[in-house]
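Visitor: Chain by chain, the residues:
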Amino acid sequence: MNFRIKKMDSKQFLLLITIGLFIVMYLAGMVVFQDKNFGKLQVFLNLFISNAGLIVAATGMTMVIITGGIDISVGSVIAMTCMLLAWMMEIKGMGAVPALAIVLAVGLVYGLVQGWLIAYLKIQPFIVTLAGLFFARGMTAVISTDMISIKNGLFLKWANAKIYFPFGGAMNRKGVMVYPYLYPSVLLALLTLVLFFVVLKYTKFGRSVYAVGGNEQSALMMGVNIRRTKLKVYAINGVLGTFAGFLFSLNTCAGFVEQAKGFEMEAIASSVIGGALLTGGVGNVFGSLLGVLIKGTIETFITFQGTLSSWWTKITIAVLLAFFIILQSVLASRKVKVG
Amino acid sequence: MKSFKRLVALLAVIMLVISLAACGNGTKSTVGQDTGGSKESGGEASGTTDGADAAGDGLVVVGFSQVGAESDWRTANTESMKATFVEGNGYQLIFDDAQQKQENQIKAVRNFIQQDVDYIVIAPVTETGWDTVLQEAKEAGIPVIIVDRMIDVSDDSLFTAWVGSNFLQEGYNAVEWLADYLESKGRADEQINIVTLQGTIGSSAQIGRTDGFAEKMAAYPNWTMLEKQTGEFTQSRGQEVMESFLKSYDDIDVVIAENDNMAFGAIDAIKAAGKTCGPDGDIIIVSFDAVAAAFDAMIAGDMNVSIECNPLHGPRVAEIIQKLEAGETVDKLQYVDEGVFPAETAAEIKPTRAY
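Line by line, the protein sequences give chains A and B. Each step along the first sequence adds one to the number in our numbering, with nothing skipped, and position 287 is 287. Each step along the second sequence adds one to the number in our numbering, with nothing skipped, and position 312 is 312.
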């Protein structure tokens with residue numbers, strides 16, 4: 001075992017720990033809550049259904065963190081997206097397709113502005129996106145302080161289009177046969193994830209993202225256009241943020257100022273638990289998926305347990321974060337000593 | 001590259017194992033359910049729940065998704081549910097605190113469905129966005145009971161019943177009390193200037209209380225509503241808005257605060273401005289909710305009246321569930337009983353209050 005760890009670099013080691021942790025947690029859940037159907041396939045699928053938006057947001061966040069940056073505006077951008085979608089479709093009577101196109105364009109512009117400030121004016125990403133956080137939340141309230149329910153026919157069709165599995169159905173206590181199902185939002189989220197996994201791993205752009213985060217100086221010497229790479233990353237993340245917002249709104253079908261508060265922190269936590277280093281250069285979008293699933297599993301534990309305060313989710317995530325950060329720093333220091 | 005391939009292989013294997021494990025366990029529990037199902041179906045023919053369930057081995061499982069713990073009122077609401085749905089009464093309660101987030105509630109409801117609960121009770125954070133998940137509950141055959149806030153769904157059959165306060169009636173009650181009070185003080189014909197601290201705009205409580213008050217107030221031409229502004233149900237905003245009211249108008253007779261917290265803020269603002277309020281003061285404070293702290297404020301002589309918004313929904317929900325268990329139909333909308341508590345009686349009533 002020992003020599004295998006040495007052969008494997010620390011990045012993979014972190015990812016393996018995350019994977020192992022998820023499996024252990026899930027299996028433990030199946031044992032502990034056996035009588036409460038935790039082992040049902042649908043419970044596993046619900047992790048994806050409830051977190052489709054977060055999967056996309058965490059994908060974008062991981063990419064940003066790999067460059068050594070951060071984007072804390074995501075939650076507000078998601079709230080703004082939901083509100084814009086609801087407002088355009090319900091108040092302005094627009095179709096679902098043009099409304100979606102517009103919010104994605106808004107995301108692109110949002111990302112470009114933030115990226116330009118960060119890459120070309122060299123302002124701290126935290127500060128820029130903090131401003132972005134306030135601005136998007138504020139704009140959400142400017143559009144409407146009311147809660148707007150989305151009733152657009154096409155949009156609801158997207159939101160309610162269940163994809164049933166042909167197998168694995170179970171009779172519940174009421175004697176109703178229920179087959180496992182997914183929503184299209186899950187497929188869209190996973191598709192995005194795979195796309196970005198490939199882009200980051202196999203394209204020139206992907207390699208320059210890692211290079212910029214690893215060491216800007218050497219990236220520069222390698223001929224990577226640092227500023228343009230960063231601009232692209234934030235622009236793409238802007239689009240991903242609004243896309244996450246779209247998936248989020250498919251789940252909630254409403255626009256509301258208070259939506260998705262703290263969502264950006266969940267995305268960051270997922271990335272870090274998934275093995276991304278906040279110092280940049282290291283990260284994997286599949287890791288962030290596992291981060292999301294771990295968070296979802298903890299939440300499921302709490303509801304299945306039924307008497308614990310749901311704040312235990314936050315507490316457990318805090319402990320996990322601390323564990324991973326300490327692990328990362330231990331591994332990092334060992335790497336320095338060895339190398 | 002090699003290591004990447006290994007990683008993908010590993011991931012694939014893990015995913016496979018997980019899904020297999022999930023399936024395997026799923027079928028296992030299916031079998032368990034089937035036997036349970038056949039046992040139940042032996043006793044009953046209809047598709048709805050059986051009385052045998054409550055009487056026999058199982059407790060009635062109720063999943064309750066609560067908004068959060070943002071106020072005393074909310075805590076009392078939660079406690080009422082927890083106290084009602086205990087094993088001694090034949091229930092098992094699965095409680096979930098949504099931390100004021102609709103997305104958390106949607107997750108919780110999905111988990112309730114998977115846990116095969118008998119009833120789902122939701123105190124919704126928001127009025128909108130419930131169609132999808134309630135459709136899932138409907139398909140699983142689980143009745144949904146909404147408490148407190150109303151929901152806005154395209155299809156009313158998505159929920160079985162709603163239990164909550166009649167906010168419009170609360171608004172009427174406020175006017176009625178104020179008219180009686182002014183008459184008893186001999187001010188029935190005076191010019192009365194009123195300001196309102198509204199709740200969060202768009203919430204059922206705000207809409208009902210504002211509209212109810214406005215509707216009945218029309219019968220009193222000598223009452224003038226100087227201004228209405230939102231204090232968002234919080235003490236600090238209530239205080240801020242009251243301060244600005246006091247700067248704009250120097251002859252305010254009545255403050256209507258659409259919840260107790262804003263009334264507390266308003267009292268602070270009035271005192272800071274060197275004015276007095278309450279039964280012996282210059283300004284009449286009419287408040288809503290009647291939480292414990294409101295009784296304290298009335299006993300201290302700062303507040304005139306608080307119109308109750310009864311959070312004790314547990315017994316009423318249990319009543320509905322009992323009827324459904326017995327196969328009876330229930331009224332779709334059910335209001336809880338609510339009182340009006342003026343300062344004169346505050347001291348004697350307070351010890352009898354559960355919240």
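Heads up, a few of these hints could be off.
Calculated pairs, BS3-like style, for lysine-lysine (alpha carbon to alpha carbon, straight line, at most 25 Å) [as the list claims (entries may be wrong)]:
#1 LYS261/A / LYS151/A
#2 LYS232/A / LYS201/A
#3 LYS216/B / LYS314/A
#4 LYS228/B / LYS174/A
#5 LYS247/B / LYS271/B
#6 LYS275/B / LYS174/A
#7 LYS151/A / LYS332/B
#8 LYS92/A / LYS157/A
#9 LYS174/A / LYS138/B
#10 LYS350/B / LYS323/B
#11 LYS216/B / LYS275/B
#12 LYS92/A / LYS151/A
#13 LYS162/A / LYS174/A
#14 LYS275/B / LYS185/B
#15 LYS151/A / LYS162/A
#16 LYS138/B / LYS157/A
#17 LYS138/B / LYS151/A
#18 LYS162/A / LYS323/B
#19 LYS228/B / LYS216/B
#20 LYS204/A / LYS232/A
#21 LYS185/B / LYS271/B
#22 LYS204/A / LYS11/A
#23 LYS247/B / LYS82/B
To be clear, the hints were calculated from the coordinates, so they are not data collected in a lab.
Visitor: The structure should be examined with respect to each hint, and the outcome stated for every one.
Guide: Verification of the hints:
1. A distance of roughly 23 Å separates the Cα atoms of LYS261/A and LYS151/A; the hinted pair therefore holds under the 25 Å criterion.
2. At most 25 Å may separate the alpha-carbon atoms for a hinted pair to count; LYS232/A and LYS201/A meet this at roughly 16 Å.
3. Only pairs whose Cα atoms come within 25 Å are accepted, and LYS216/B paired with LYS314/A is rejected, the gap being roughly 47 Å.
4. Of the supplied pair hints, the one linking LYS228/B and LYS174/A is violated, its CA atoms being roughly 50 Å apart against a limit of 25 Å.
5. A C-alpha spacing of about 13 Å is found between LYS247/B and LYS271/B, which places the hinted pair at or below 25 Å, so the restraint holds.
6. Of the supplied pair hints, the one linking LYS275/B and LYS174/A is violated, its CA atoms being roughly 62 Å apart against a limit of 25 Å.
7. For the given pair, LYS151/A sits about 23 Å from LYS332/B by alpha-carbon distance, which is consistent with the 25 Å threshold.
8. Between the alpha carbons of LYS92/A and LYS157/A the distance comes to roughly 19 Å, so the proposed pair stays at or under 25 Å and holds.
9. For a cut-off of 25 Å, the pair hint linking LYS174/A to LYS138/B stands: about 11 Å separates their Cα positions.
10. At most 25 Å may separate the alpha-carbon atoms for a hinted pair to count; LYS350/B and LYS323/B exceed this at roughly 33 Å.
11. Our distance criterion of 25 Å between C-alpha atoms is broken by LYS216/B and LYS275/B, whose separation comes to about 28 Å.
12. Straight-line distance between C-alpha atoms of LYS92/A and LYS151/A comes to about 13 Å, which keeps the hinted pair within the 25 Å bound.
13. Distance check on the hinted pair: LYS162/A and LYS174/A sit about 21 Å apart at the alpha-carbon level, within 25 Å; holds.
14. Proximity of LYS275/B to LYS185/B is assessed by CA-CA distance (about 20 Å); at most 25 Å being required, the pair is judged to hold.
15. Restraint check for LYS151/A and LYS162/A: the C-alpha separation of about 18 Å stays at or below 25 Å, so the hint holds.
16. A hinted pair counts as satisfied when its Cα atoms are at most 25 Å apart, and LYS138/B with LYS157/A qualifies at roughly 17 Å.
17. Between LYS138/B and LYS151/A the CA atoms are separated by roughly 19 Å; this keeps the pair inside 25 Å, and the hint holds.
18. In summary, the hint linking LYS162/A to LYS323/B is not supported, as the alpha carbons are separated by about 33 Å, beyond the 25 Å threshold.
19. For a cut-off of 25 Å, the pair hint linking LYS228/B to LYS216/B stands: about 16 Å separates their Cα positions.
20. For the proposed pair LYS204/A and LYS232/A, the alpha carbon gap of about 13 Å is at most 25 Å, so the pair holds.
21. Our distance criterion of 25 Å between C-alpha atoms is met by LYS185/B and LYS271/B, whose separation comes to about 23 Å.
22. Taken as a hint, the LYS204/A and LYS11/A pair is honoured in the structure, with Cα atoms around 21 Å apart against an allowance of 25 Å.
23. For the hint pairing LYS247/B with LYS82/B, the CA-to-CA distance comes to about 45 Å; that exceeds 25 Å, so the pair is violated.
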